[in-house]
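J.: Starting from the known structure of chain V, fit chain W onto it as the hints suggest.
Number of protein chains: 2
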Amino acid sequence: MRFCDLIIKKRNGLKLSEKEIDYTIKAFDEGEIPDYQMSAMLMSIYFQGMDINEIKYLTMAMVNSGKIIDLSSIPGIKVDKHSTGGVGDTTTLALAPMVAAAGVPVAKMSGRGLGHTGGTIDKLESIKGLKTELSLNKFIDIVKKVGASIISPTSDLAPADKKLYALRDVTGTIDSIPLIVGSIMSKKLASGADAIILDVTTGSGAFMQEYKDALKLGKIMVDIGLELGKETVAVVSNMDEPLGFAIGNSLEVKEAIDVLKDRGPKDLRNLCLVLGAHMLKLGRVAKNYEEGRNRLEKILKDGTAFNKFKEMIAAQGGNTEVIDKPELLPSAKYCTKIKADINGYIQKIDSRLIGESAMLLGAGREKKESEIDLSVGIILKRKVGNKVKINQDLAEVYYNDSEKLKEAKNKLFSSFVIGDKKPKKLPLILATISQEGVKEWE
Amino acid sequence: MRFCDLIIKKRNGLKLSEKEIDYTIKAFDEGEIPDYQMSAMLMSIYFQGMDINEIKYLTMAMVNSGKIIDLSSIPGIKVDKHSTGGVGDTTTLALAPMVAAAGVPVAKMSGRGLGHTGGTIDKLESIKGLKTELSLNKFIDIVKKVGASIISPTSDLAPADKKLYALRDVTGTIDSIPLIVGSIMSKKLASGADAIILDVTTGSGAFMQEYKDALKLGKIMVDIGLELGKETVAVVSNMDEPLGFAIGNSLEVKEAIDVLKDRGPKDLRNLCLVLGAHMLKLGRVAKNYEEGRNRLEKILKDGTAFNKFKEMIAAQGGNTEVIDKPELLPSAKYCTKIKADINGYIQKIDSRLIGESAMLLGAGREKKESEIDLSVGIILKRKVGNKVKINQDLAEVYYNDSEKLKEAKNKLFSSFVIGDKKPKKLPLILATISQEGVKEWE
Numbered sequence: 038m039r040f041c042d043l044i045i046k047k048r049n050g051l052k053l054s055e056k057e058i059d060y061t062i063k064a065f066d067e068g069e070i071p072d073y074q075m076s077a078m079l080m081s082i083y084f085q086g087m088d089i090n091e092i093k094y095l096t097m098a099m100v101n102s103g104k105i106i107d108l109s110s111i112p113g114i115k116v117d118k119h120s121t122g123g124v125g126d127t128t129t130l131a132l133a134p135m136v137a138a139a140g141v142p143v144a145k146m147s148g149r150g151l152g153h154t155g156g157t158i159d160k161l162e163s164i165k166g167l168k169t170e171l172s173l174n175k176f177i178d179i180v181k182k183v184g185a186s187i188i189s190p191t192s193d194l195a196p197a198d199k200k201l202y203a204l205r206d207v208t209g210t211i212d213s214i215p216l217i218v219g220s221i222m223s224k225k226l227a228s229g230a231d232a233i234i235l236d237v238t239t240g241s242g243a244f245m246q247e248y249k250d251a252l253k254l255g256k257i258m259v260d261i262g263l264e265l266g267k268e269t270v271a272v273v274s275n276m277d278e279p280l281g282f283a284i285g286n287s288l289e290v291k292e293a294i295d296v297l298k299d300r301g302p303k304d305l306r307n308l309c310l311v312l313g314a315h316m317l318k319l320g321r322v323a324k325n326y327e328e329g330r331n332r333l334e335k336i337l338k339d340g341t342a343f344n345k346f347k348e349m350i351a352a353q354g355g356n357t358e359v360i361d362k363p364e365l366l367p368s369a370k371y372c373t374k375i376k377a378d379i380n381g382y383i384q385k386i387d388s389r390l391i392g393e394s395a396m397l398l399g400a401g402r403e404k405k406e407s408e409i410d411l412s413v414g415i416i417l418k419r420k421v422g423n424k425v426k427i428n429q430d431l432a433e434v435y436y437n438d439s440e441k442l443k444e445a446k447n448k449l450f451s452s453f454v455i456g457d458k459k460p461k462k463l464p465l466i467l468a469t470i471s472q473e474g475v476k477e478w479e
Numbered sequence: 038m039r040f041c042d043l044i045i046k047k048r049n050g051l052k053l054s055e056k057e058i059d060y061t062i063k064a065f066d067e068g069e070i071p072d073y074q075m076s077a078m079l080m081s082i083y084f085q086g087m088d089i090n091e092i093k094y095l096t097m098a099m100v101n102s103g104k105i106i107d108l109s110s111i112p113g114i115k116v117d118k119h120s121t122g123g124v125g126d127t128t129t130l131a132l133a134p135m136v137a138a139a140g141v142p143v144a145k146m147s148g149r150g151l152g153h154t155g156g157t158i159d160k161l162e163s164i165k166g167l168k169t170e171l172s173l174n175k176f177i178d179i180v181k182k183v184g185a186s187i188i189s190p191t192s193d194l195a196p197a198d199k200k201l202y203a204l205r206d207v208t209g210t211i212d213s214i215p216l217i218v219g220s221i222m223s224k225k226l227a228s229g230a231d232a233i234i235l236d237v238t239t240g241s242g243a244f245m246q247e248y249k250d251a252l253k254l255g256k257i258m259v260d261i262g263l264e265l266g267k268e269t270v271a272v273v274s275n276m277d278e279p280l281g282f283a284i285g286n287s288l289e290v291k292e293a294i295d296v297l298k299d300r301g302p303k304d305l306r307n308l309c310l311v312l313g314a315h316m317l318k319l320g321r322v323a324k325n326y327e328e329g330r331n332r333l334e335k336i337l338k339d340g341t342a343f344n345k346f347k348e349m350i351a352a353q354g355g356n357t358e359v360i361d362k363p364e365l366l367p368s369a370k371y372c373t374k375i376k377a378d379i380n381g382y383i384q385k386i387d388s389r390l391i392g393e394s395a396m397l398l399g400a401g402r403e404k405k406e407s408e409i410d411l412s413v414g415i416i417l418k419r420k421v422g423n424k425v426k427i428n429q430d431l432a433e434v435y436y437n438d439s440e441k442l443k444e445a446k447n448k449l450f451s452s453f454v455i456g457d458k459k460p461k462k463l464p465l466i467l468a469t470i471s472q473e474g475v476k477e478w479e
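These protein sequence lines map, in sequence, to chains V and W. Start counting the first sequence at 38; every next residue gets the next number (our numbering). Start counting the second sequence at 38; every next residue gets the next number (our numbering).
If we strip away everything but chain V, and leave its shape as in the complex, we get (with noise of 0.2 Å):
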C-alpha cells in the first residue's frame, strides 16, 4: 500500500476501507507513515469528512493500538463520563462521588487543562497528598472497594490517540467530527467501561461553538458507541457562560465540595444531577432518569455523596481534611474585584475569555509543558440574567503575580455584556441523545 495513494483516495473523496484504515494508523504510530503524510491524511479528512462505517474503523484501530483495560473484577455496569470541555466545569468531581454512592461504579480516566479550558486531573492535584498516577491494579481496587476513582490516563491507552492529537494540534486539524469522534471514542472505549455518558458543550467556551454543530458531533458519538456495543448517552449543554461561579483549580474542587454538600451553583448542581441521573440508568440502579435524579438528590441530601468523596479522595492518597475544611486548600495572596461600569442586566458572559483570564492568572496552561498555579482564579458574582448596577461587582480575581494581572482584569471584563433588558436565557440541557433518538429542548 503506497500511502500517497491513500492520501489521494480521501483527498478525492472516496471512502477508505478496514484494511486501509488499520494500516493508517498502526504504520502511523509505528513511524511508518512519516508525519508530513499524515497530516496531509488529516487535512483530506478534515475536508472530505469520513462516514459512520470509517470513523468506526478509526475507532477501533486507535484503541487497537494500545490495550483496552479489563475492568470485569469490578462487579456492577461501569458507567465512564466524558466533557468535550468547557469553562469552570467541575462537575466529574461531583459527580463521580454522587454517582458511585447510588452504586453504580466509576472508573474514570481524566486529563489535565489546556489552553482556555481546565482539567479535572490539575484540579485534584490541589489536594494534598493525593496521588492521580496509580497503577491499574490499583485503581480496580479503590473502584471496588470505594465504588469511584479517578486517576491520568496510562500510557497504553490509546497511544495512537495520543500521537495524532500532538500532529493535529500543530497542522490545523483539531476541529475535525471524525477525528473528534475517534479520538474520544477510542479512548472511552480502551477505558474498558461498559456504558458511556457524552456531556457535548456549545456555546462561547466550548469547543463546538454551534449548537448544530455539538448536536451532530453528539449523535455521531452516540451512533459510534451503539455501533461498538457500548450504551452510549449524549446530552448537550449549554456553556455559553461559564458552569458555577468558580474557574480556578481549587476554587472549583471548593464548588464541587459545596455541591456534594447540597448546596452549590444551582447550574452546576443540575448538570451533576442530569448525567448522574443518566449514569444511574445506565448503570442499571435505577429504571428511568426520574428515579436516577430523585436517588441523586436524596443521596446529596443525606450526605452520602459527600461522604463517597471523602473517601475517594482518602484511598488516593488525599488528606480528607481539606474537605472538611476547604478553606485548608491552596488560596491566593491577593484579591482584587471587577465592577459594573453601567446599570443593566448581564447579557452575556463569554466563556472562552473567562478561561483565558484565568490561563493569564496561571490556572491554565499556555503549552503542555506549562506550570500551573493550584490556587488561583475567578468567582464570578454575577450571572447571566443577573441585575447588577454600576460599582456593584462582577468577579473577583484571586491571583499571586500582578504581571498578567491587568491583561487578565481586562479580558474578564470585556467578557461580561451588560444591557438594558432582561436576556432570555438558554436552558443548561439543549438535547438529550440516545438509542432512542435525540430529544431536543422545545
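You may find that some hints are simply not true.
Heads up, the list lumps identical chains together, so a pair's fine if it works in one copy or across two of them.
Cross-link-like lysine-lysine pairs, in silico, DSSO-like; alpha carbons within 30 Å at most [as the list claims (entries may be wrong)]: (1) LYS376 with LYS93; (2) LYS267 with LYS441; (3) LYS441 with LYS46; (4) LYS200 with LYS93; (5) LYS52 with LYS249; (6) LYS405 with LYS46; (7) LYS46 with LYS385; (8) LYS370 with LYS165; (9) LYS199 with LYS253; (10) LYS93 with LYS385; (11) LYS46 with LYS446; (12) LYS404 with LYS52; (13) LYS46 with LYS404; (14) LYS56 with LYS404; (15) LYS200 with LYS104; (16) LYS93 with LYS458.
Simulated from the structure, these hints should not be mistaken for laboratory data. As the structure is a prediction and not an experimental result, all values here were calculated from the model.
T.: Same frame as chain V, now just chain W:
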C-alpha cells in the same frame, strides 16, 4: 507569526497576505517550518485554492529563495519555453536550434524524466560527450556564441520550489493549480529570460487530462507572467496520443534530427513550428505569427536549423558525428512488434499507457534515483485515424532486457483502441492564450 494560524486561515478559505506567503516560503526553505505543517498548508491550498495575487506572491517568494540568472549580457530578447509534459515530446530539442537559427537566443534549463514522461536532459545525454551540467558562465557563453544552450538547472534556481515539490510529490498535493503555477513560473522567472512560451498539454498522457483544466492553468500562467513583467504566451496542445512516433531517449533524438532535416512526424513538426513562430514574435524577430512560421519553414528547408543543432551539440562537448549518422546513437539489442488483432481504424492511443510501457522497458524512471536505459523505447507504426488490418504492425518495441517485456507489450497493446469508423481527430493546438486574450479552436 504562528504558522498553525496561517494553516487555519487558508483552511478556512481566507486569503494569505504577501507577508504571510513570504514568511511561509522563507521559513519552510530554511527548515523553520517543519514538513508536517507545510503539508497541511499544501492540502489546504489544494482545497481552498489561491487567487491571482496569492499565486503571484507565492511565485515571487520561490524566485527569491534563490538567485535570478542574469542573462543581460546576451544581446536580444531571450525567450524561454516550458511544457507541462507529454509522451514522446521531443519538441525542445528541435525547437531550440530552429529558433536560435532565426535569431532568438534560447538559454534553456530543462529537467529529467519522471514517471511516464521523458526529460530533455536525458534525451540529450544519448549524445556521447555532451555535458548538461555547465557553469553559468559557460552556459551564457554558448548562448552568446551559438544562440542556444540546454542545461540542467543550477542548484540555486528557486530552491524552495525544489523542496516544496519533493513534499508535494509524497503528500498528494501535486495537482493543485496554484501550486503548479508557482512551481513552473518561479523556475521560468528565475531563469532570467525576457519572455516565455508555455505548452500546456492536455489529454490522456498529460498532467491536465481535461481541456478545461489545461485552459485554466494556461490562463493563470499567462496572467502571472504578465503581472510579473514577462510577456507570456501559452498554447494548449492535444496530448491525447503521443507526439510523433518515437518514445524513448535516443529514439526521440533521432526524431528531433528528422524534424531538423525538414522531415519527421507531422504533429511534432507542426508543434515545433507553432511554438517557434510564437517565440520569434515574442523575440521581436518576426512581426507576427505567420511571418515567424514562414521564416522557420525556410530555416528547416535550407538546413540552417540542422546546422545550428550541430553547433549547439559541439559547444556542449557532444559528438556531432551522431547527428549526421543517427544510427550511431545508443540502440537497443532487440526489436519486437505488436500487431493489430482486428481490422479497423485507430480510435485512440492512450499516451499514459505508452509512457508507462516505455518506462517498463527502462526508458523512464519510476523513482528519481532510478537508472535509465537511453537506447530502449517504442516506435509507433500507426497513429489515431490510421487504418489497420489484422496482423499489421501497431508499434515496434526496442529492448535490451526481457524481464518486464511482457508487461510492457501488454500495456502498449492495451493503449490502442481500434474501431470500425474513422474517428474525428482533434487538432493539435486547442487554444492560444496571450495578453490579447484566448483564441480557442472552433
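J.: It remains to establish, for every hint, whether it holds in the given structure.
T.: Comparing the hints with the structure gives:
1. LYS376 with LYS93: neither (50 Å within a copy, 51 Å between copies)
2. LYS267 with LYS441: neither (46 Å within a copy, 53 Å between copies)
3. LYS441 with LYS46: between (48 Å within a copy, 28 Å between copies)
4. LYS200 with LYS93: Within one copy only: 19 Å inside a chain, 36 Å across chains, cut-off 30 Å.
5. LYS52 with LYS249: Answer is both: 24 Å inside a copy and 27 Å across each meet the 30 Å cutoff.
6. LYS405 with LYS46: between (34 Å within a copy, 23 Å between copies)
7. LYS46 with LYS385: between (45 Å within a copy, 27 Å between copies)
8. LYS370 with LYS165: within (18 Å within a copy, 84 Å between copies)
9. LYS199 with LYS253: This pair counts as within: shortest intra-copy Cα distance 24 Å, inter-copy 42 Å.
10. LYS93 with LYS385: Classified as neither: same-chain Cα gap 38 Å, cross-chain 44 Å, threshold 30 Å.
11. LYS46 with LYS446: Answer is between: at 29 Å across copies they meet the 30 Å cutoff, but 49 Å inside does not.
12. LYS404 with LYS52: between (35 Å within a copy, 28 Å between copies)
13. LYS46 with LYS404: Between copies only: 21 Å across, 34 Å inside.
14. LYS56 with LYS404: between (35 Å within a copy, 26 Å between copies)
15. LYS200 with LYS104: within (15 Å within a copy, 40 Å between copies)
16. LYS93 with LYS458: Neither: 47 Å inside a copy, 52 Å across copies.
Checked against the numbered hints given earlier, this structure breaks hints 1, 2, 10, 16; the rest are met.
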